[in-house]
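Trainee: For reference, the chains in residue letters:
Protein chains: 2
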Amino acid sequence: MLLNGKELSTKIKDDLRIHIRNKAYDNPPGLGVIIVGDRKDSLTYVKMKKRVCEQMGIISKTIHLSENSSTNNVISAVDIFNTDDSIHGILIQLPLPEHVDEEMVLTQVDINKDVDGFHSSNIGNLAMDKREPLFTPCTPLGCIRLLDEYKIELQGKNAVVIGKSNIVGLPISLMLMKRNATVTVCHIFTEDLKSIVQKADILVSACGQAQMVKGDWLKEGVVVVDIGISHIPDPEDPDKTIIVGDVDFEEAKEKASYITPVPGGVGPMTIAMLMENTISAYEKLKF
Amino acid sequence: MLLNGKELSTKIKDDLRIHIRNKAYDNPPGLGVIIVGDRKDSLTYVKMKKRVCEQMGIISKTIHLSENSSTNNVISAVDIFNTDDSIHGILIQLPLPEHVDEEMVLTQVDINKDVDGFHSSNIGNLAMDKREPLFTPCTPLGCIRLLDEYKIELQGKNAVVIGKSNIVGLPISLMLMKRNATVTVCHIFTEDLKSIVQKADILVSACGQAQMVKGDWLKEGVVVVDIGISHIPDPEDPDKTIIVGDVDFEEAKEKASYITPVPGGVGPMTIAMLMENTISAYEKLKF
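Sequence order for the protein chains is Y and D.
So in my numbering the end of the first sequence lands on 346, straight run, no missing numbers.
So in my numbering the end of the second sequence lands on 346, straight run, no missing numbers.
With the rest of the complex left out, here is chain Y (with noise of 0.2 Å):
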């Protein structure tokens, strides 16, 4: 059964819509983008996130600077931001160029405007049991979103998560050991993944390998939460590329209960949380 993130951001972005526009706000809720460089990929998503701003009734100012910037440069286009009372959320499009200092901008950001939930406090609340972070990060919490739609159980079962990235696999990880799931963090330095692999209830793969992850690896009945994103050339057009995720999605699907297409899966369910947590900034810094 497909986890339709799609579907699911749809309505969460019509519930959105319907309530900017019920609460009849003077001002706008403004989400401040700041974007490094060409990437095709970033410009891209960029474009999507303010096209679904301008749906929502959000107002997006991006800052787009050159490749070459420095890590100087990039903190100040946050402090633009920061302190810009028409822009109540910040989002960096990641990667940044390599050159630049990615910890020291994301550090920058003001925690009422960390959208993206990346400030350490967000990250050490969501950590902790008890606590609870003013934003959650985007990509992770649209994956919990999709599960729990779906009625998945978490507690107990055994969660897998490939990938301990500061944005994705980590919190993720985060996310479903507070949910009480085991969780097994595997990475580059994992040995023997595939035996590791099938034994997860739930398996979440975050590490950019295209269909890495083959039917095999899989047990019988797993929910499959692909985030992996990856360009490989078209079988059917040489001249063309698809996109993919981390798992083969034709073997996998004979196998899980549930999975998450790629795309139509978790990409989706980002740009909905994001909008989601831009309101809630808002909301939080005007009441």
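One copy or two, either will do: identical chains are not told apart, so a pair holds if it fits within one copy or between any two.
Simulated crosslink set (SDA-like; lysine to any residue; CA at most 25 Å straight-line):
{"id": "1", "residue 1": "LYS258", "residue 2": "MET271"}
{"id": "2", "residue 1": "LYS343", "residue 2": "ASP160"}
{"id": "3", "residue 1": "LYS258", "residue 2": "GLU279"}
{"id": "4", "residue 1": "LYS216", "residue 2": "MET271"}
{"id": "5", "residue 1": "LYS210", "residue 2": "THR69"}
{"id": "6", "residue 1": "LYS189", "residue 2": "ILE288"}
{"id": "7", "residue 1": "LYS273", "residue 2": "GLY323"}
{"id": "8", "residue 1": "LYS312", "residue 2": "LEU252"}
{"id": "9", "residue 1": "LYS237", "residue 2": "GLN257"}
{"id": "10", "residue 1": "LYS237", "residue 2": "GLN268"}
{"id": "11", "residue 1": "LYS72", "residue 2": "SER339"}
{"id": "12", "residue 1": "LYS189", "residue 2": "ILE211"}
{"id": "13", "residue 1": "LYS253", "residue 2": "GLY280"}
{"id": "14", "residue 1": "LYS189", "residue 2": "HIS246"}
{"id": "15", "residue 1": "LYS237", "residue 2": "HIS158"}
{"id": "16", "residue 1": "LYS189", "residue 2": "ARG98"}
{"id": "17", "residue 1": "LYS210", "residue 2": "PHE248"}
Bear in mind the hints are in silico, worked out from the structure with no lab data behind them.
Computed from a prediction, not measured in an experiment: that's the story for all the values here.
Position chain D relative to chain Y; hints supplied.
Mentor: Relative to the frame of chain Y, chain D by itself:
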């Protein structure tokens, strides 16, 4: 082979004492200790910590509140130490009585005096790759230092942590992840714990269940770090109690390549790390 925390902690404390003596600071480092109620074990720990402070050349002040103190009373005590210039580290002896909101109290500690490392921002920075907390919780830090002392490789190893408490299980899991172990976090909702533990190259137990982990739960050559402290009747004198860990030591030592004794393993390391964190807090504030 024993992971001798008593020996290593003595060496660390000796080094710290010499360090402080050589620096000949005008004012000594100061540790503020808050204890609520009269739990016998807590009183013992506080007494031990104060005695070690004295040996180090660290002054210590104690606020001892009665069992029926409110959350606000405890927070007021924290504020006294927050604003006391002679105090550089604050230790709140846990657990607090059930009616006191522990999280509210812990988050009140000035981050610069958070020698227990429980501030959300410290936990967030502990969790995240490429970030460093100001302070790391003492018990998990003591475990890692002990493993490092015996040159036990963590990267790529299967590490199983039993317990996910904010103060021990969670932070040690985060530290093992950061060191590139493949970490499985188990807890009260985990099913078939024994078979998970059987895969562990490194087992860290912090669940407080006396001698729960038996010899047949362990893989040959496993490294066992036992953080549990339980009092059970002395089999040789039923009027007395003895201290044991979460792991059945007599059985486990036949399987383990390295194992911490209880007592004399992690316990003394915790106090040594508290001293180190307090001196570090002092030097950070001073310089």
